[in-house]
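Participant: Each chain, letter by letter, is given below.
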Amino acid sequence: VTDTTSTPIPGDGALDADQMAALPFDKALEELQRVVSRLEEGGLPLEESIALYERGAALHDHCARLLDSAELRVQRLVDGPGGAPRLMDLRPDDGDDL
Amino acid sequence: MATPGLWDEAPAPAEPPARRGAGPEEQSGPRVLSVAEVTRAIRDTIRRSPGLSGVWIEGEVGQVTVSSAGHCYFTLKDEKAQLRCMIFRDDRMGLPLEPRTGIRIVAHGRVDVFEPQGAYQLYVDGIQPAGVGDLALQFEALKARLAADGLFEASRKRPIPPWPRMVGVVTSLSGAVLHDIHRVLARRWPMARLIVSPCKVQGAGAAESIVRALRRMERWTDADSGRAVDVVIVARGGGSLEDLWAFNEESVVRAIAAHSRPVVVGVGHETDVTLSEFAADLRAATPSVAAELAVPDRGQQRQHLVALQSALAIGAAQHVARTRASLHAERRALETFRPAAYLAVERERIGLLLDRATRALGSRLHGDRAVLARSGDRLPTLLRARTAVARASLTHSAAGLAALDPFATLERGYAIVRSGDGRVVVDAAGRTAGEVLEVRLARGLLDVSIESVRDSGT
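Protein chains in written order, with our numbering: chain A, 1 to 98; chain B, 1 to 458.
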C-alpha cells in the first residue's frame, strides 16, 4: 500500500491550546525567554526556528492576556476541624481569630 | 574656682586692637574681637562644662528633618525652652528608634557649638522613649540576644520569589492595612491569589495570635496545585511603641525567622523599628511598601513582554533572511548545472515554511508596531529601530519568495519522487524492483512500481 501523505511540517503551534491556557504566567514567561534566547543564538534549521517562533508568539499572547485580564482573588484561612487550615471567602465582617 | 570664661580675659585692649595673647602692657582702651574668636571662646567654655557632655535630656520632639547626607536634625522642647539637636547618619543606624514629631524621648549626647552657624546644639548619640524605659531596655536586651543567636544574619535572608502565584498576608482583618495591601496587589500583580491568615496585632494575646497565624499559613497548601504560598507579608499599621510591641516579642521574631516561606515584614511607619523586621527576609518601611516588594509590577512586565516579542520577531526574521540568501545561492547552482529534483522538493518545503513564516511575522510585526506606538517613549528607541529593520528584511524575503515558487520547476517537467515512507528519493541505491514509489508532477500524482534498479550514476 502506498503512503501518499507528504512529509509533515513540524511545530504546528496550535496543538496545545488547552495546555497553554492552564500555563501559569511565570512558567510561560520562562519558556518565552528560553525561546527568544534560542532564536537569538541562531544555528537552527528553518523548520525549528519557525516552530519556535510560533510557540513564542503563543506564549507571548498568553502572558499578555494574563497581565491584562487577571483579577485579584482574596481568601482567608481558618482553623478547620483537626487543626488543618481551610480556605474560605473573605467576608467584610470577619473577625481576626477564630 | 570659677572656670575661666570669655569675659575674664578681656582686659581693656590697647589701641590699635591687640590680638588675643598680646601682652598686658599693650592694653589701653576696649579690645575688639573677631566673631570667630568669640565663638571659639563660647565653644571652649561649653566643652569645659562637665554638665554639658554625656547628658541625658528629656523633652518632646519638635520638627524633624533629615538632610540629604542622612543626618537628622530636630528640636527638643519643653514648656520653657527649645534645644537644637542633631544625629549623625552613622549614629542613627544604631538607634532603637528615630525621633518623630510629638513623641517624648530621653536623648543622650553632648552639647557643642557649630561655629559656622554660631549655634549650639545637642549632638545625640542615644535615644530612649521617655516613660517606657523598661520596654526600651527589654528591646535592647532581646535584640542583643537574638542577634547573638544569629537570627538577624544577612546570610539567613532568602530571596523573594520573582513571580509569586500566592501571596500570604498575616495581619488583622480590621483596619486599613489589609485594604492597603489589597489595593497594591490588585494594581501591581492581580494574577496572584491573596491568602489572609488573620491575627490580632496588638493587646493581650497578640503575639500568640500572630504566631498561630504564621503556623496556619505554613501548614496550608492549595488543594489543586499542592503548593504553599510563595511569600508571606506580615503587616501592621503605625502606632506607639506599646502598640507595636507584639512584633518585638521573642516568639513572633523566632516564628518569622524560622518560617518555611520567605517573609516580608512591614510594621508601623517609616520611623518605627521592630525586631520582627530584623528577622524578616525583607524589611519594608510600611505595609504598602511590603506589598510592593512582595510582587513584581505588571506595567514593567508588559514592557518586558513587548521587548521579548520584538526579539522573537527579529530572531525569526533573521532566519528567514539567511534562508533566503542560501536559496538564492541554490538557484544559481540550479541554473549552472542540471537541476536535481530533490532541490525542487527542498524548495517546495522551504518555500512553504517561508510563506508561513512571512505571514506569521508580517501580522506579528504589524501588531508590534501598534504596541510600540502605544508604549511611546517608555520603550527604548533601539527596539523600534530593530523592529523596522526586521520588517524591511521581511518585505525583502517576501519578494525573494515570489521568484522562487518551487511549483514552477515542476511546471518545467521535473518531478518529485517519494518512497512509501514519504521520503524524497534521490538515489537509486537501496531501491528494489517491485517497490512502489509516488511521483509528483506539476498536476497530480502517480503511483509507479520499479521495473529494475540500475547504477546510481547521473
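Honestly, the hints are just simulated from the structure, not real lab data.
A hint or two may mislead.
Below, computed lysine to aspartate or glutamate pairings styled on EDC-like, alpha-carbon distance capped at 20 Å [as the list claims (entries may be wrong)]:
1) B/77 - B/44
2) A/27 - B/98
3) A/27 - A/89
4) A/27 - B/115
5) B/143 - B/78
6) A/27 - B/297
7) A/27 - A/71
Here the structure is a predicted model, which means the values were calculated and not measured.
Participant: Hint by hint, say whether it matches the structure.
Facilitator: To see whether the hints hold, each was checked on the structure:
Our distance criterion of 20 Å between C-alpha atoms is broken by residue 77 of chain B and residue 44 of chain B, whose separation comes to about 25 Å. The suggested pairing of residue 27 of chain A with residue 98 of chain B is violated, with an alpha-carbon distance near 43 Å, which exceeds 20 Å. With a C-alpha separation of about 27 Å, the suggested pair residue 27 of chain A and residue 89 of chain A falls outside the 20 Å cut-off, and the hint is violated. Pair hint residue 27 of chain A plus residue 115 of chain B does not hold up; C-alpha atoms about 63 Å apart against a cutoff of 20 Å.
Annotation: proposed proximity of residue 143 of chain B to residue 78 of chain B is violated, straight-line Cα distance about 31 Å (limit 20 Å). Annotation: proposed proximity of residue 27 of chain A to residue 297 of chain B holds, straight-line Cα distance about 17 Å (limit 20 Å). Distance check on the hinted pair: residue 27 of chain A and residue 71 of chain A sit about 19 Å apart at the alpha-carbon level, within 20 Å; holds.
Comparing the model with each earlier hint shows violations of hints 1, 2, 3, 4, 5; every other hint is respected.
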